[in-house]
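> So the protein lines, in turn, are chains E and L. Counting along the first sequence from 1, when you hit position 15 you're at 14 in numbering that gives the first Met the number 0, and nothing is skipped either side. Counting along the second sequence from 1, when you hit position 146 you're at 145 in numbering that gives the first Met the number 0, and nothing is skipped either side.
Derived by calculation from the structure, the hints in this document are not laboratory data. From a predicted model like this one, the values you see are computed outputs, not experimental measurements. Among the hints, a few may not be true.
As the list claims (entries may be wrong) - Examples of chain L residues toward chain E, derived with CB under 8 Å:
no., residue
1, A88
2, A332
3, L387
Unchecked claim - Taking CB as the label site, the calculated pair distances span:
no., chain 1, residue 1, chain 2, residue 2, range
4, E, A35, L, A470, 45 to 53 Å
5, E, A35, L, K455, 21 to 29 Å
6, L, D201, E, T48, 18 to 26 Å
7, L, A326, E, L42, 38 to 46 Å
8, L, G40, E, L42, 29 to 37 Å
9, L, G40, E, A28, 39 to 47 Å
10, L, K455, E, A28, 41 to 49 Å
11, L, Y22, E, R45, 22 to 30 Å
12, E, A35, L, S545, 38 to 46 Å
13, L, W147, E, A35, 23 to 31 Å
Ideal Cβ positions, reconstructed from N, Cα and C, are used throughout, including at glycine.
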Amino acid sequence: MNHAPENPSEPEEAPGVPGLTNWRRVYFATLGCLAAYILLLFLFSRAFT
Amino acid sequence: MSLLDYLVLAGTMLGIAFYGIWYTRRRNSLESYLRGDEKTGWGTIGLSVMATQASAITFLSTPGQGYESGMAFVQNYFGMPIALVIIAAVFLPIYRRLRVYTAYEYLGRRFDGKTRLLGAGLFLLQRGLAAGITIYAPAIILSTVLGWRLDLTVIVTGLVVILYTVSGGSSAVALTQKYQMAVILVGMIAAFVVLLVKLPGDVSLLDATRIAGGFGKLQAVDFSTDLDRRYTVWTGVLGGVFLSLSYFGTDQSQVQRYLSGGSLRESRLGLMFNAVLKIPMQFFILLLGALVFVFYQFESAPVFFNQSAWARHADSPERGPELRQLAAEYDVAHQQRREHVTGWLHAHDSGDLRLAESEKAAALAAHARGQEVREEVKRILKAEEPRLKTNDSDFVFITFVLQHLPHGLIGLLMAVIFAAALSSISSELNALGTTTAVDLYQHRLRPNATEGEVLKASRWFTLLWGGVALAFALFAKFVSNLIEAVNILGSIFYGVVLGIFLVAFFLKRVQGTAVFFAALLAQGLVIVGYLTWDIGYLWFNLIGCSACVLLSIVIQALRGSETSAAASRP
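Excised from the complex, chain E in its bound form (with noise of 0.2 Å):
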């Protein structure tokens, strides 16, 4: 069985978000999420206990 060939040209375009044309901007969104949710969590340890 032979491997399928390299597949060098996968559309990098980030996905269907209007002029959002690189994936770094959804990355940034997830470590922004990331940051969010321990601050949320920080204020809601302090709330509570």
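Starting from the structure of chain E, add chain L where the hints point.
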């Protein structure tokens, strides 16, 4: 469990299994069997990655963790989004560009055949044993709560999962995992709602969180730099990045899930789906455990949650009277705690903060007395049955489900446990079969095998690994602490495998021979270290990875100078 529960359990599980088998019955190409046709959408990939990670023990242990120790465990997942971003940005495009079936095939392209075999071998050794524990762990609990023989629950779970993994392959795994995850989420949400409904009428969700917080169960974030603390933001972020990078980036059971994406975009979004949703999901499951704790402030809780172990000893003539006496003392402490908790809430509502504080202090003191009784009970049980696991937190949630949920919903929650078990085991078996077929059979034994032969071999290897896992699960009772044993095994091998991949991705000048010997030396160092050093086993992930990377650089530098010396020789 009633007949209705058994019907819901059997209907849900068989429905999912037969749907997966029927839907993928005509997929006979190697491509679709191993990579799922590469048509899978990001939602399915995301759920599939999530379901692979979430084993049955997650849904039994995590609420128990929330009940016993509170929300701090959520910090363990803080490193995961960072690791998934690195994998989506660096690992994934390389795997997809090279169109590999397994992560170790990439090592063959980047380095050489022997490094590929080493990576695949380390994975097979570790994951083959881990698949056994994934069958065995829920089987212990299910046999306890259902009253079935342990070997029967092991065999039933094992055979069902082998059947649909072998017949459907990667597409069936991804497809059924979507529904398994849906069953899991619906079951957990239903348990949450029932829990809120079952709280006394005058106790609101806000009151419940106030009680949980008062008992220290809602401390979710800890910025302490104290190294002795098990869960802090720092251990969560640093340790979490490292563990998630090795698990999601190099473990074939996960790599195979996201390589089935229809495009790079679908695969990346599937990973980002997990990066964003995993922390809220774990928070929710831990909160469920904290609320079960609040529930047991008003309802009487068993002094020891492993009910079958309790029944064995409480009825015995030797220590039975003593145990029953302790249970009565525990009930007294519980009654006092309930009165003070109720007084605390009433004082808080009426604005009498001083009284609220004194009632809270009295409730905490009654809780501490109850805990002392529990410790005494555990000490007696351990003395009577040395092999008994006295940490009963794994049984907290299942006891709550069986004793307090309505019939029908109990069956659904049992289906959650089975679904979680099947989704993890099927991914593991699928990955083991694929790796053996592609990295050993096709690469070494039959390089000229046709696609049909590799597909057939892949099914046979999946069946073989299923049998190995089942046999390991059946004989696993001879190992005293299996979960810890397999975790230790994972920590011993994971670090070195991640080290090989990090060298492959980031150190372009290092060649195959250097990394191969570096990995062998690093693995030897980790094994010697494990046998002689007295440190926590999780550190071996870091030691193995660092040693592999550093030794690769050193060996490559030595080989490089040898090569240039040889080249400059006349």
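> Against the range 21 to 29 Å, how does the distance between the Cβ atoms of A35/E and K455/L compare: consistent or not?
About 50 Å separates the Cβ atoms of A35/E and K455/L, which means 21 to 29 Å is violated.
> Starting from the hint 22 to 30 Å, judge whether the C-beta atoms of Y22/L and R45/E obey it.
violated (49 Å)
> Given the hint of 45 to 53 Å, check if A35/E and A470/L actually sit that far apart at their C-beta atoms.
holds (47 Å)
> Does the Cβ pair A35/E, S545/L satisfy 38 to 46 Å?
This hint is violated: roughly 32 Å between Cβ atoms.
> Does the interface hint hold: is A332/L within less than 8 Å of chain E, judged Cβ to Cβ?
violated (23 Å)
> Taking the Cβ atom of A326/L and the Cβ atom of L42/E, is their distance within the range 38 to 46 Å?
At roughly 40 Å between Cβ atoms, L42/E and A326/L fall inside 38 to 46 Å, so the hint holds.
> Note whether the CB distance of W147/L and A35/E lies within 23 to 31 Å or breaks it.
violated (45 Å)
> Can A88/L be said to touch chain E, with a Cβ gap under 8 Å?
Where the cut-off is 8 Å and the nearest Cβ of chain E is about 6 Å from A88/L, the hint holds.
> If you check the beta carbons of G40/L and A28/E, does the distance land in 39 to 47 Å?
At 20 Å between Cβs, range violated.
> Is the hint on L387/L kept, meaning its closest Cβ partner in chain E is under 8 Å away?
violated (34 Å)
> Honestly, do D201/L and T48/E meet the 18 to 26 Å range at C-beta?
holds (23 Å)
> Go ahead and decide if the range 29 to 37 Å is satisfied by the Cβ distance of G40/L to L42/E.
Since the Cβ atoms of G40/L and L42/E sit about 35 Å apart, the hinted range of 29 to 37 Å holds.
The structure shown violates the earlier hints numbered 2, 3, 5, 9, 11, 12, 13.
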